[in-house]
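Residue numbers (our numbering), protein chains in the order written: chain A, 1 to 359; chain B, 10001 to 11074.
Each hint should be verified, as a subset may be incorrect.
[Said to hold, decoys possible] No farther apart than 30 Å at their CA atoms in a straight line, the calculated lysine-lysine pairs in the DSS-like style are these: (1) K10481(B) - K2(A); (2) K10512(B) - K2(A); (3) K10080(B) - K10063(B).
No wet-lab data here; the hints were simulated from the structure.
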Amino acid sequence: MKGYIKLENGEVFEGNLTGSNQEVYGEVVFFTGMTGYQEVMTDPSFHGQIVVFTYPLIGNYGWNETDIESATTQPAGLVISEAAGEAFHYEATQTFKEAAADAGIPVLTGVDTRALVKCIRESGDMGAVISASPEKAAFAIYEPLGEKMIIPEVSVKKPETIGDGDHHIVVIDFGYKRSMVKSLVREGCKVTVVPFDTPAADIEKLTPDGLLFSNGPGNPQQLQELLPRYRKLAQMYPTLGICMGHQVLALAFGGKTEKLRFGHRGANQPVQNTQSGKVFMTSQNHSYVVKENSLPKGELAVQYKNINDGSVEGLSHLKYDIITVQFHPEAHPGPADSREIFHQFLEYLKRKGREKTYA
Amino acid sequence: MPKRTDIKKILVIGSGPIIIGQAAEFDYAGTQACQALKEEGYEVILINSNPATIMTDTNMADKVYTEPITFEFVTRVIRKERPDAILPTLGGQTGLNMAMELHREGVLKGFNLLLLGTELQAIEQAEDRDAFRTLMRTLNEPVPESEIVTNMEEAKRFVEEIGYPVIVRPAYTLGGTGGGLVYNSEDLHEIVSSGLKYSPVTQCLIEKSIAGYKEIEYEVMRDAAGQKIVVCNMENVDAVGIHTGDSIVTAPCQTLTDREHQMLRRSALKIIEALEIEGGCNVQFALSPDSFEYYIIEVNPRVSRSSALASKATGYPIAKLATKIAAGYRLDELQNPITGTTVAYCEPALDYVVTKIPRWPFDKFESANRKLGTQMKATGEVMAIGRSFEESLMKGIRSLELGKPHLYNNEYMELSDEQLEMKLQKAEDERIFVIGEAFRRAWSVREVHELTKIVPFFLEKIARIVSIGEELRDYPGDAEKLLCAKELGIADETAARLWEWTELDLYHFREKEGIKPVYKMVDTCAGEYESDTPYYYSTYERENESTRTEKPSVLVLGSGPIRIGQGVEFDYATVHTVWALQEEGYEAIILNNNPETVSTDFSISDKLYFEPLTLEDVMHVIDIEQPEGVIVQFGGQTAINLAEGLQERGVNILGTTLEDMDRAENRDKFEQALQNLGIPQPLGRTAYSPEEALVIAADIGYPVLVRPSYVLGGRAMEIVEHEEELFLYMERAVKVNEKHPVLIDRYLLGKEIEVDAISDGETVFVPGIMEHIERAGVHSGDSIAVYPTQTVPEALKQKLVERTIAIGRGLQIKGLLNIQFVIHEEEVYVLEVNPRASRTVPFLSKITGVPIASVAAKIMTGRSLLNQGYDNGLLQEKKEVSVKVPVFSFAKLRRVDISLGPEMKSTGEVIGRDHSLEKALYKGLVASGMNIPKHGSVLFTIADKDKKEALALARRFHHIGYTLIATEGTASYLLQEDIPVTVVNKVAESSPNLLDIIREGQAQFVINTLTKGKLPARDGFRIRREAVENEVVCLTSIDTADALLKVLEMMTFRAEAMPQMEPSEKVSVNGGAS
């Protein structure tokens, strides 16, 4: 059936509505990676968003059991040029369309996605509705993502433990991607994922060797109340922050964040290590950035920068073993050229271990 | 790391002539390289023997040497110019091989030459099979089981171990020359022995066949700081087993998961890191369709055909940036030229689908073996962009200009199911149409997949195109169905055929229904960043991004894919036209579909539309741009063919009018026009029956030139001496009837002359007159052309000029014209007039210094010749002698007869330029790839009719110390004339026969002239093919042989005994006898 996506700025794009027919509101964003739609659809950072894929053919290799980043489908809706009705891959257990239907989210296909993307590029990420009758759309009922506390919707409800390695990492979960945990397990870690609001004492009881502040959806400022707790924890253990985790840690140490006009979402963001000068390709998915001039002196230093727009891509603490990155070293989807970050983090753990031994 | 300042002068090595496997993509790469270096302020010295390229324009480098790319000449240039550095990685395999030779021979070291870009050691590691496999093993990157063999025994032993099928790849050859997929011992013997011969290091790699795997390519770049990116990945529609140059290819990959893509990306980056590539590199993978298993097939440590394709597919100019990297820059220091706002350290994101389809020469070579395998056979390619795979595929199909705009071919409808199955299994060039037929017969995707090994993703799409096409037939006048078909890229021509409408009606119907395409921009970033790249493609969607500017514009039609008869020279003319239009203040818009060329570099024109060259697609652009006019004269036959349709739709064709063009091309009108001008042409008439033919021939007098008006490939023009022969020809060669008449012309034996001229309708300026070495009867594109003429007396030259002026004025030519004359018994006859850019435009432009295409383009926009400083008459001829020598790709095309005739067969050309004809010829022949030893043997197999002329040649060979070899007939004839000759057995006779002589390399040259019909033509054919397969120079024209002898005579000295003492009574003393 005919369906539409109506943007907050009034633009309407027509398409064919499949999956669910229910009207959904969400923040409309676009993803530029040419592969990885399944990872996007299960990445909690996309929770509550309407994702537009810039690559026109989505679903070619179907849906498999491996490329799943969380237990559920996360975006509120999808907008696509052409969705594959069949799966052309030996690993596929379902077609893309079946998976979308099972997830119960609306998929609008046959849309001039390039025109839509240009619209977002010019007006910025904004509210949108996918609907069969857009004339009825009432943005009055739409609550912007940035003003909502949505992390409880994606964070684990109780601690989960994965792996049995020598280093014990506790993940403060804002909506973690499974491949992040897998990366740590592969490096010989035991990982315990805890709810984002777990009291510090409970975390201490887990005797972690290190902490990972995970990725997650929405505005980091929604976590204002928890910042002192996060700061205290980060000062106690070697800490890695990824994406939302990076933003939260920046806030915790006195920095500020702001919203980009439209976020970086794709597999081709070039990031430079400000010390070595070396540039590498990263996978990204974020709307908010840390403001460079907001960083308090003597605490956090900018370690990585985006070479296209100069935005902050990572920090390191001058006193504590804290590194944070805006990009996704665990990849999935996208390049794993920054896997080094995990190694660096593990180096911190090992150093810490030695200190303990010789103390 | 900014650019290097320790070097000032850089030598760039080009890729030489166009041959199969090394085509216009290197003009594109080389042009970008030269421009990039000049931009950085370096002094650029270029060596390239190909006169037809933009790259060899004098403004492309500080100094351009059109010398042969051989060790001898490159060294000479180095000695003269003393460059600081050399850039070899942009001149294809030719450039790399030359750099390696310079290194081996100590020239690099001797002249203290720095090598820019990737280190030679890395190149060797990537190119040498053994070194490469060792490297892959250390990197833990899988390569198929394989072994390098240097003789047949080793080959057999290894294959016994691993079993058939295997792939044979000769080392260091272009486009896989001499290699192939082998299923049995017989083929193994044949392919390995020829492969060893082709390999300059006598090495072949025998490899376990992984046919059926997905073939995936990665275009990667790395800078000296070790920063790496993947510009583009590409998936071959045809599975491993068919050379990627002969495969339909899509970008980006369509059927890979992100994990698979990242796995291969990582592998590609690991490899270029290990090789320490500085610049561009291509990595080819075979990926299992049902596991994560993959193999590295090949690594090309340089820019390649694939990188040209990747550049056009993404907009990312690989060659330009590879050059800047070679000059010392880092990727993050360079700007992404497309967006202008982001850095070159960028992995483009596409929001469209690109399809590349090869263009094969089998329309010219019907007898050729059309099977596709590991040896590339395509001469060129087209690329098309769409928002769906279907759209891009169908746009590509109609860009091929095969007269088949849809996945449909009448011929295949008549095939039995078994035949169809066979054609699906053993891929030939037209397999895509065979697949279409299979789906029309409702075969399942599974069945077709099993036969073709093409992954179901692509087959489903093809099946959809077929079914939507079939469905459309049942809904004439249904706008909704039509829109659906248009979205899948189905051509108006097809829809009109299905509805039994005219194409024009369909066009009007679409206009009324508002079914019109929009144009989207190619921007490397999927719309993420704003960019103003003027690079567009059409699609049926909502938003149009291409807006017309206020500036008056002109649309220039390109020439489409490179094919025999329409090569890079037309791209040269197209680019020059654009520059001229820009100088005149116009916005120059290009429409073309060839990804290999300079004209489709978005930075050349004000706007580039990457679209099929069909009436429908051109009209869409015209509708949106409303140009002042369209220029068709520079796009070869492709563009000319569109002129009529465009004019019918009210488009203004700039330059010579359609009516005047027709006066040159229509036989009857042309005859009339020449008569009016009082210019003679060979008598000729059209015969509609054999009887009529005999009457006409008797009337105009023998010898006559006969040819079918409708040429079926291969069946060619013949020179017929008398009635009996004509009778035989009519029986044997043609089916003459009302629909297919035969043209009969008086054959005038004589010198063929070619003139290029520029005319504004009143003034006609002649930049130069060229003389052909081969007599009339050999296609002008296959003849050696000489400038200035060497044997034409002044009076006749005057006449040539007068007649050219008369024709230019008489036919009201506004732009270019090319005339072929024949000089016969002191009279100048006109053979044909081409009212458009000819193949010789770039050659003549470069040697005379007249910007021919540019002057002509300005005429088309209203400027006169006088206004541009040119008057009636011939330009003062230059002293230097220049020759244009054709280059053939026969080694790649099995079963093609190499004899020269009226059908063009060459794929490219080289120039030779020096102070004397002999020296120029020497350079030309050497540049064309000929090896000219000072002594050796020459094998003569001469037709009776040519024996007399051949005798003189034989004597001259003998005088310079060459040994003559001939079969009995020719031998006894030579012996009668006191020329010593070694007799050898004929083809049919026992070994060692003539073929063995060729195979064993005992003859350096073979001179074989064509016997018409009588003797077993097969013998001659076998001799010629044997020569080609064994890389022995084979000449089929007495005139070419004469030219070669001139060169040899210049190089060598006669060895002759002193004359005997004369008896005293015969001695005469000056003045004493009277």
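For each hint, the structure was consulted:
1. K10481(B) - K2(A): Cα-Cα ~17 Å, so holds.
2. K10512(B) - K2(A): holds (24 Å)
3. K10080(B) - K10063(B): Given pair K10080(B), K10063(B) holds - Cα atoms ~12 Å apart, limit 30 Å.
Against the hints set out earlier in the document, no violation occurs for any number.
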